[in-house]
Amino acid sequence: MSILGTRVERREDPRLLTSGGVYVDDLREPALEGAAHVTFVRSPMAHARIEAIDVADAAAMPGVLGVFTGADLDVDPVAPGPGLGGQPLPSAMARPHLARDVARYVGEPVAAVVTETLAQGEDAAELVSVDYEPLDAVVDVDDALRDEVLLFPEAGTNTAARSGERDESLFDGCDVVVTRRIENQRLAAAPLETRAAACAWGDDGRLTMWLSNQNAQACRDAVQEQLGLDEGQVRIITPDVGGGFGAKIGVDPDAVLLGWLSRRAGRPLRWSESRSENMVAMTHGRGQRQTVTIGGDREGRVLAYRLDLVQDLGAYPLMSAFLPTFTGLMAGGPYDIAKVETTARCVVTNTMSTAAYRGAGRPEATAAIERAVDLFAAEVGLDPAEVRRRNAVRPEQFPYRTATGLVYDSGEYVRAIDAVLEAAGYRALREEQARRRSEGAIRQLGLGISLYVEITAPNNAEGEHGHVEVLPDGSALVLTGSSAHGQGHATSFSMLVADQLGIDIDRIQIVHGDTDRVPAGAGTMGSRSLQLGGSAVHRAAVDVREKGRALAAELIEIDEADVELVDGDWRVRGAASVGISWAELAERARDRGGLAADVHFVSDSPTFPFGVHLAVVEVDTETGGVEHVRHVTVDDAGPVLNPVLAEGQRHGGIAQGAAQALLEHMSYDTDGNPQTANFADYAIITASELPRFELLHMETPTTLNPLGVKGIGEAGTIGATPAVQNAVVDALSHLGVSHIDMPTTPERVWAAINEA
Amino acid sequence: MHVTINVNGEEHGDEVEDRTLLVHYIRDTRGLTGTNVGCDTTSCGACTVLLDGESVKSCTVLAAQADGHSVTTIEGLADGESMHPVQRAFQEKHGLQCGFCTPGMVMASVSLLRENPNPTDAEVRSGLEGNICRCTGYHNIVESVLAAAERTTEAAE
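Protein chains in written order, with my numbering: chain P, 1 to 756; chain A, 1001 to 1157.
Everything labelled a hint here was simulated from the structure, so no lab data went into it. Among the hints, erroneous ones may be present.
[As the list claims (entries may be wrong)] Label-pair distances were calculated between CB atoms; the ranges are:
no.: 1; chain 1: A; residue 1: THR1120; chain 2: P; residue 2: ALA92; range: 42 to 50 Å
no.: 2; chain 1: A; residue 1: THR1120; chain 2: P; residue 2: ARG748; range: 26 to 34 Å
no.: 3; chain 1: P; residue 1: ASP506; chain 2: A; residue 2: ARG1019; range: 43 to 51 Å
no.: 4; chain 1: A; residue 1: ARG1019; chain 2: P; residue 2: ALA60; range: 15 to 23 Å
no.: 5; chain 1: A; residue 1: GLU1054; chain 2: P; residue 2: GLY86; range: 33 to 41 Å
no.: 6; chain 1: A; residue 1: ASP1067; chain 2: P; residue 2: ASP506; range: 39 to 47 Å
no.: 7; chain 1: P; residue 1: ALA60; chain 2: A; residue 2: GLU1054; range: 38 to 46 Å
no.: 8; chain 1: A; residue 1: ASN1118; chain 2: P; residue 2: THR404; range: 37 to 45 Å
no.: 9; chain 1: A; residue 1: ASN1118; chain 2: P; residue 2: GLU9; range: 24 to 32 Å
no.: 10; chain 1: A; residue 1: ASP1079; chain 2: P; residue 2: SER577; range: 41 to 49 Å
no.: 11; chain 1: A; residue 1: ASN1118; chain 2: P; residue 2: SER688; range: 52 to 60 Å
no.: 12; chain 1: P; residue 1: PRO14; chain 2: A; residue 2: ASP1067; range: 27 to 35 Å
no.: 13; chain 1: P; residue 1: GLY574; chain 2: A; residue 2: ASP1079; range: 29 to 37 Å
[To be verified] Chain P stretches covered by chain A per the calculated footprint, using a threshold of three residues with CB under 8 Å from any CB of chain A:
no.: 14; segment: 186-198
no.: 15; segment: 660-669
The beta-carbon is built from N, C-alpha and C at its ideal position, and this holds for glycine as well.
Same shape as in the complex, but just chain P (with noise of 0.2 Å):
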């Protein structure tokens, strides 16, 4: 029986149960032996002129062995990022590694203290003594929008990048029209583990960084080129990553400094951030203002959508600019809809960078497509799973080009509607509903439904790398250029080629994170591991396989055809006592180049899983306060390699995706001061406030990748973002309630019942 779809046990996890992983802080390396620290002093000011830095007192301080400005660097800025559908954002917004003429956003940092001791940069640092010249501060995307106040004056303008064209004539024919402004908020990623770095120079003159990142290869080539590096001179090993959603996919100039000011104090250097200069410093998620529109016929037929959005880059672009064209092609989701119309906008504003966080778009298209159909449905006057069920694409009818001009490879929408109706009882639920409503009841119940699509593996052009080989003793490695920070590799990866070599899981080595050992790779995001990273893999494993037979044929002297597996040493068909185990043959294989396979695999298309996720609220109209009593979602992304893995995969999904509907908003004051710059202020969402999850089954198989898998990673946070949300204003329509914005706090929960 072949191992694929067995709930299989993480072998990662007795080292992390009993010593607790080696994450960058905990690398004890000889390379790092008398390490020095980095610390790094940070703008208070969110816009403000730099007249002078005075850094004596600091470089007097015990223990400093030097004190850096960006006067003092020779590397260039970091040019802004990918535009909208690729075009060039403008120059003038490159980030400085440290800023030097003008503070953007509080957080930036403008010198960097290197000390023996940690406690004796927090020191040095106080002493650094910056001279800010106030300037006026944009905070918010519509007044960025005016360019009243430049954030960079060179450029004309704070808006980096703009795409789509409006059609007035998008909504003729329809007889409903609904338009509503919407907030898609601000969020921190906030992995557990903060960013962290350490790095050394060899004799050799090469640069080993250690560097808590979901891609080592890109940070590789972004340390080289920052600072002016040749190819070859810097290795990037990301050991244990503890959390990163998103957020450590790029490589920060902080970060990229490290190796710069290593070379100047001539020694290597540790860098581990604090929590409140991570919730300022790294970047920051979502940050769209939608508007949407919304028209169809009386019977809740959806002709024509609109969703017209700004982003908030923040400070300087990076690949938030990106973000709108995800959220842009998936603007018309699950949906059979004729006319499908998105404008964007991204602008600059003096707050923390915006850039990728689980789902990086998608979510953002979600929400605001979820958020419309149900103010649709209202305004028919249909219940909004019906509605979703008269629009969603009918199964006949994949592939699917969409209006946006996607081909969606495989779903079966309505049935996963039903299911999860279905389980929920959502018939009774209604009824409880309305006995509620009738009696008047404090506590009311609310019924969020969301139906999603979404896009993973949507940098499947640059592909995944895999390497497998069976070694003289019979064991198996297993190179990949995708990285795991949580998601299981180890275990996923050593299961697909046991599947194929019959060897032992506990005696394959899964290597990652090391572009020494892989050079080539794209690294953790979008969903892309399995089918792109798993996919090399399983391929890698089926042509070590296959050269196995050959081999095992050839010494045994016989046909291919008549020798198979069995129990992981080839057999002689019919005649078990004749055979040749792996290590006999790769030992064999040893004067012919070992028996190993490389594979790259790159995918014709993205795929684009689905799901119906259905919350259910109970909202207190006394005091505004939510309780999230159950959520019942089908995430169907395929077949499941290891359903443990997919499970854990959709909770922590889950829990996030419930957490921006329900509490988290990294916020700031109209003069760019962060107001929730650490987990006390920051509303992280814990045990007490989720449900447990009910999840149902189903697979959809999509053909293109060997597997038939699609991502699972970011399914959780799309779906259950809107479905919370939908659940709350769902729980309060009877009063007149059409929409809350997220979060949905108890102060505006409270405040929308009483406007109502």
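Use these hints to put chain A onto chain P, whose structure you have.
Structure of chain A alone, referenced to chain P:
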């Protein structure tokens, strides 16, 4: 100042700065890196250890306060090769993903079960409110603690 602290069953005498926090003593002086630092505000619980058997957040305790007391960290929980029932339950129920919150979460769970050997789902959730996990959505953590409780109860019967 000089402190004498029993760490995972072994007594150690060490010189520390007065301001040294217990978590830094554990990590830097004793070299036990399983205990993690996740926040500055005693909010996340990643640094939870047992002080004389009771869970504390070691970022809010001075090493000096642990002078003359015993500390148990994640490295001291297993009995040789055999994992503690809570560790085993976390493995079986997939109660961890990236693993960074895990040592603190496990130590808090051990303490929770000591106080309340048969908690309900809601009691586990409220008992773990001081420990943040960003990966698991807590679903499997709660399952882990309930499974450990069941096993411990069975063993006692």
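Against the structure, the hints come out as follows:
1. A/THR1120 x P/ALA92: 42 to 50 Å: violated (59 Å)
2. A/THR1120 x P/ARG748: 26 to 34 Å: holds (31 Å)
3. P/ASP506 x A/ARG1019: 43 to 51 Å: holds (45 Å)
4. A/ARG1019 x P/ALA60: 15 to 23 Å: Taking Cβ atoms as reference, A/ARG1019 and P/ALA60 lie about 22 Å apart, which means the hint holds.
5. A/GLU1054 x P/GLY86: 33 to 41 Å: Taking Cβ atoms as reference, A/GLU1054 and P/GLY86 lie about 57 Å apart, which means the hint is violated.
6. A/ASP1067 x P/ASP506: 39 to 47 Å: holds (44 Å)
7. P/ALA60 x A/GLU1054: 38 to 46 Å: holds (44 Å)
8. A/ASN1118 x P/THR404: 37 to 45 Å: Distance hint for A/ASN1118, P/THR404 is violated at roughly 54 Å.
9. A/ASN1118 x P/GLU9: 24 to 32 Å: Since the Cβ atoms of A/ASN1118 and P/GLU9 sit about 25 Å apart, the hinted range of 24 to 32 Å holds.
10. A/ASP1079 x P/SER577: 41 to 49 Å: holds (44 Å)
11. A/ASN1118 x P/SER688: 52 to 60 Å: violated (19 Å)
12. P/PRO14 x A/ASP1067: 27 to 35 Å: Hint holds: Cβ distance 33 Å, inside 27 to 35 Å.
13. P/GLY574 x A/ASP1079: 29 to 37 Å: violated (49 Å)
14. 186-198: With 5 residues close enough to chain A, the hint holds.
15. 660-669: Result for this restraint: violated, n = 0.
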